[in-house]
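Chains as they are written, first to last, in the UniProt record's numbering: chain A, 1 to 390; chain B, 1 to 332; chain C, 1 to 247; chain D, 1 to 289.
Possibly wrong hints are sitting among the right ones.
Covered stretches of chain A (chain B as the covering partner; in silico rule of three or more C-beta atoms under 8 Å from a C-beta of chain B) [stated by the list, open to error]:
1) 81-92
2) 102-111
3) 155-169
For lysine-lysine, the following DSS-like pairs were computed, each having C-alpha atoms within a straight-line distance of at most 27 Å [stated by the list, open to error]:
4) D:Lys241 to D:Lys280
5) C:Lys141 to D:Lys91
6) A:Lys25 to A:Lys315
7) B:Lys273 to A:Lys25
8) C:Lys84 to C:Lys118
9) A:Lys82 to B:Lys324
10) C:Lys133 to C:Lys84
11) C:Lys141 to B:Lys324
12) C:Lys72 to D:Lys87
Sample of chain D residues lacking proximity to chain B, with all beta carbon distances greater than 10 Å (derived) [claimed, not checked]:
13) Val72
14) Gly103
15) Glu124
16) Leu184
17) Gly185
18) Ile186
19) Gly283
Just so you know, these hints were derived from the structure itself, not from any lab.
All C-beta atoms, glycine included, are put in the ideal place defined by N, C-alpha and C.
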Amino acid sequence: MKRAILAALGLATSLAVPAAAEGIKVGLLLPFSGVYASLGNEIETGFNLGLEQFGAETGVTFEVVREDTEVKPPVALGKAKKLILQDQVDVMVGIVSSGVLGAVRDMVHGASVPLIVANAGNDEATGASCSPFITRMSFSNGQINRPMGTWMAEKGIKKVFTLAPDYAAGRQMIDAFTETFTAAGGEIVGQEFTPFQKTQDFGPYLAQAKASGADAVYVFYAGGEAISFVKQYDSFGLKAELPLYGSGFLTSPLYVNAQGEAAEGVITALHYAPTIDSEANGVFVAAFTEETGRAPSEFAVQGYDAARALIEATKTGANDRASLANALRQVSFDGPRGKLAIDPATNNIIQPVYVYETVAGEGGLTQKILAQLPAEADPVNGCEMAPVSN
Amino acid sequence: MFRHNTLRYVALILLAAGALFQAFTAEYFGLEILTEILILAMLVLALDIVAGFGGMVSLCHGALMGGGAYAYAIFTTKAGIAPPVAMAGAIALTGAAAWVIGAIGSRSHGIYFIMATLAFGQMAYSYVFETPIFGGDDGLGGISRLDLSFIGVDLNDSRSFALFCLAVLGTVYGTSVVILRSGLGRSLTGVMHNEQRMRALGLTVWRVKADVFGLSGMIAGLAGALAAQHIMYISPGLLSWTVSGEALVVVILGGLGTLVGPLIGAAAFVVLKHELSSVTTYWHLVVGVILIAVVMSRANGIFGWIEARWGDRLDRRLADATRKTEEVLTDA
Amino acid sequence: MLETRNLDKSFGAVHVTRNVSLKLERGERRVILGPNGAGKTTLFNQLVGELTPDSGSVHLAGEDVTALPVAKRARRGLSRSYQKNTLFDGLTVEENLGLAAAVHTGHATRLWSDSLSKPEVREIVGEVAEQVKLMPFLHAKVSEISYGVRRQLEVGVALATRPLVLLMDEPTSGVGPEMSKGFHDLLNNLPRDLTMLIIEHDMDLAFDVADTITVLNYGEVVFDGLPEKARGSSLLKEIYLGSWENA
Amino acid sequence: MAHDLGFWTLQALNALQLSMLLFLLSIGLTVIFGLMHFVNLAHGSLYALGAYFAASLAAVGGYWMGLFLAPVAVAGVGILLYSGLIKRMRKSGPMAQVLVTFGLIFVLLDLTRIFWGDLALAIEVPALLDGRLAFLGVEYPTYRVFIIALGLAIFGALAFVLGRTQIGAMIRAGVDNDAMAACLGINVERLFFIVFCVGCALAGLAGAVAAPLLSVTPDMGLQILIPTLIVIVIGGLGSLKGAIAGSLIYGFVQTFGAVLAPQLASVLIYALLAAVLVIKPVGLFPAKG
């Protein structure tokens, strides 16, 4: 298989290792158009901020080539090939959608180019189809939902109705929650998956949730769907009788103000909230706010930490594809999110998860942290990795 | 009925020369773009056959191509069928699907036909999007290319693959010309000009439409199977109606019903898209403005415009020259 | 050869065909006369299947074809021309005839060979072009020939399906009297075994070709018989010419 | 899951609410088609523009200002489009017009991105329409009741205008046969212009009404386009009756499909459309026979 891919890349004949220079060429592969354009911009802003902030700590300089994935896996794969073969980048950073990550996975693995994942959370990327070249600095779908099942059960919630868009990420998030929630004695009284990116009116599903006899509703939605969902949930008057919980993308700082009052009181769990009280986060929030005029989101911090991880890796002297891949796997630092490390078994990030409630603050909605749940490594999920040989 | 004139031959030779030059000199990304153009060219040829010569403006050709891509991917990765057989299967499948769509749509005309094809295309899109075996929104990967090592060609090499696609496109073009010049092709043109009369002459009109739509669907399916092999990864976006819309834009930009024009359109569109998207993320805006400008100019696309200006003149001069030569020869 | 039995058709309150029964023998040349709005073209449309009658039946060569669609009736030998030119405008005269001949010979749906290059198609095209005097125009496009020649082609296309029965809807419509005469000579020279039903507006011209005459008025057959009798019929003159003058 | 009557009432209201939103969009599109014989594919983009105008205006002068002025603003865009593009395309045939409006989709989509950015916007529901109403044994969001009422009111008003007024008679004559209408001394060009602007205003109104319910994103126009086209094709192009019937069919099939057969919900509506086209190729209630 690997031979075939290498051959397909034309690498078999031209396995030229990029000339080792003091500069490192970074391919930034993000959506700048399409439904996730705002996420791509947020990550890029964070990434550039990270380079600015920590760039002085390393001797190398970075040259960034950015490519637009348009959130289309085939387009993204074409762009990734271009970055690897034509631009000969040393490392790639980015990838928002899991579909795109799935598409480029074999490619980066086959070409032995290190990739720092700055968003896409599909569990397999650091599970069954993990790669020593793919290091994830964002999150995995299971990771951010698993602790919430236990936490909600401990809070005395017995019956939950779940809702999520019908695609791989939606199912993984809900499955992870369901697993720990039922293990802790909870019961799932109803589960619906709504057509992904085609559902604008959640009315029919909300009526089902209401009729299900649940104590609470647990959902995963993001972007435009999250805005519509939270507003419609509130307009049906469900928030009072049926508290709304979810993974934190539901009330991301990126668009929580579009949800307005409807988002107040929603309790969600995520690996980052801009109100985390730490020095590192203070610095990051201040820098980001100065740049954009608003609080950073989890996407921004993922870009920021991806840049930081890259710089940390170069500090070890890594300067080409293989050495960077090795160094990235051993990165650990204290960032805005708290203490971060890479799990050597899967290359996934290990990070704390924060449970927060969206509340009214001075300048709009803000996040009140209710609990910090300890960092846990994901299960290995069939990941087998050979070390990268230099 | 399709006719070649001098201008069309000249354009074809120039296009082929350009493609060959690119195929032998370009680097990796240039080859990728070339292959993208060649595959899009097959799709727009398929669309031009039905829209330009049969008046059937289809908004499901993207879905047909996507169907071919998915069929090939499923056959090879899930069912373990050998790539050549899988390709044939994918082509047969999309051909059959297109035949049914053509048969059902044969009673509808104009905007209703467009809407009917849109409905079928979107139906396929939704089905693929929501069926787990197709990988949903994430798509399918691990698609392998045809193995031509028995004739010493390694299609995993970008250059070989581009040349292979060029050869396939040449065959498709030749086949299209044969189809359009056949009895069926003539009848199709007759139906486009005057459906009522063709029926009164005893032609089973719906069969002609369905047959041609089926053939066109086979070409779209072939383009899809090649697209799947090219990218080696597919996602439901391939089946979206906007792909069909873009294909239609290419046909119109190039010149509806000229067969050569859409080829030029495909090349222009892909190059424009890549050049613009490297400059701005708002490249759709520019493409939209160009489309509006071309349509408003009332020319039949780029090639139609050239043909209207120089096509006849070129033919007349050539005819004059031939006559003179003949006169000289007979005198002597 | 062609027969209708009690054909009846209404559009809402308008009764366009009233209990029409006609019978054409093989080789018979019948002209249908009648004022504007008498239901002549509507009758044609029912004969070829473009309209479905409310009641009654159509028989072709002894078989009931009432339930058959247009194309199937045509393939059984029923061909028609239209009052308004219904040609393939972008194509040449030869291609127009060729399309019809290809349908008749079964080459119209063949995938790998050009129908126009087939000898049997070429033979029909040549014959028909001779019959309707189109030889000089074979390679001209429809848009390049005169109106009168187009009327000839209109009939030629219908003839090129080699029909048993040829229905012609005012073949001389819009052509001057001089040309009309030539047109009728042309019709008279067609093979004697071809059954023809012709709608004609001008009575005098009708007598040039007709073996028999049918007169329609308000969708009803008011006269059916030999031309000599029609010429003398005062009833006919009153109805036909009366409405003619009023029109 | 067994459900009580209240559940089904709630779902019926949801279906009705979706239908009314689609009706506001489809009526403009279908009458423009009936009169001018072309399908304005950019109709969805005008809906998105309506939502964006409403969001911007609401930020300045509150919800009601957005609701009333957004349709006016979109009608203004309609005037520009009509005099700049559509009018010149009158004689170019339907295909060219469809393509011009397809190009417009691209242009308008990127223009909204340039002016308003990629981030989703939102409008707050005004205090008057906030909260819920209790009736028929269920509690239903007031704003959704408002949408249903507004849709019905517009339907009533249009039925009156088309059926009982002189301009309505002119429009009906134009839909029936525009050459004839011109002969009768109707200024057809002027009629086209008015109908086009009103159609655009209704699309803008639909956008402004939908904005507080959904989120305002650049691709909302593209998302709504296909459902709107399905509505008018099922209903039959050019008729008010067709638009309302198509909207109701779509709303109910979509809503109850999601509840009763979630796996089939999205394929269901396309299958229905295909079935309609097979049985009645011109839709259920076409304007012309």
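Quick rundown of the hints versus the structure:
Look at the stretch 81-92 of chain A against chain B: 4 of its residues bring a Cβ nearer than 8 Å to a Cβ of that chain, three or more, so the hint holds. With 4 residues having a Cβ less than 8 Å from any Cβ of chain B, the stretch 102-111 of chain A passes the three-residue criterion, so the hint holds. Given a C-beta distance limit of less than 8 Å, the hint that chain B covers the stretch 155-169 of chain A holds, as 3 residues qualify and 3 suffice. At most 27 Å may separate the alpha-carbon atoms for a hinted pair to count; lysine 241 (chain D) and lysine 280 (chain D) meet this at roughly 16 Å.
Taking the CA atoms of lysine 141 (chain C) and lysine 91 (chain D), the gap is about 25 Å. The hint holds against a cut of 27 Å. Note on lysine 25 (chain A) and lysine 315 (chain A): the hinted pairing holds, with a Cα-Cα distance of about 16 Å set against a maximum of 27 Å. A threshold of 27 Å between alpha carbons decides the hint, and for lysine 273 (chain B) with lysine 25 (chain A) the separation of about 25 Å falls inside it, so the pair holds. Between lysine 84 (chain C) and lysine 118 (chain C) the CA atoms are separated by roughly 30 Å; this puts the pair beyond 27 Å, and the hint is violated.
For the suggested pair lysine 82 (chain A) and lysine 324 (chain B), the alpha carbons sit about 55 Å apart, so the restraint of at most 27 Å is broken. Annotation: proposed proximity of lysine 133 (chain C) to lysine 84 (chain C) holds, straight-line Cα distance about 20 Å (limit 27 Å). Between lysine 141 (chain C) and lysine 324 (chain B), the direct Cα distance comes to roughly 25 Å. Compliance with the 27 Å bound is thereby established for this hinted pair. Of the pairs offered as hints, the one joining lysine 72 (chain C) and lysine 87 (chain D) is violated, with about 44 Å between alpha carbons and a cut-off of 27 Å exceeded.
No Cβ of chain B approaches the Cβ of valine 72 (chain D) within 10 Å, the least distance being about 25 Å, so the stated non-interface status holds. Once the 10 Å rule is applied to beta carbons, glycine 103 (chain D) is inconsistent with being away from chain B; the minimum gap is 4 Å. No Cβ of chain B comes within 10 Å of the Cβ of glutamate 124 (chain D); the nearest lies about 30 Å off, and the non-interface call holds. Distance check on leucine 184 (chain D): its Cβ is at least 26 Å (rounded) from any Cβ of chain B, clearing the 10 Å threshold; non-interface status holds.
For glycine 185 (chain D), the non-interface assignment is confirmed: its Cβ lies about 29 Å from the closest Cβ of chain B, beyond the 10 Å cut-off. The claim that isoleucine 186 (chain D) lies off the interface holds: its Cβ sits roughly 24 Å from the closest Cβ of chain B, which is beyond the 10 Å cut-off. Its beta-carbon lying about 8 Å from the closest one in chain B, glycine 283 (chain D) breaks the requirement of being farther than 10 Å from that chain.
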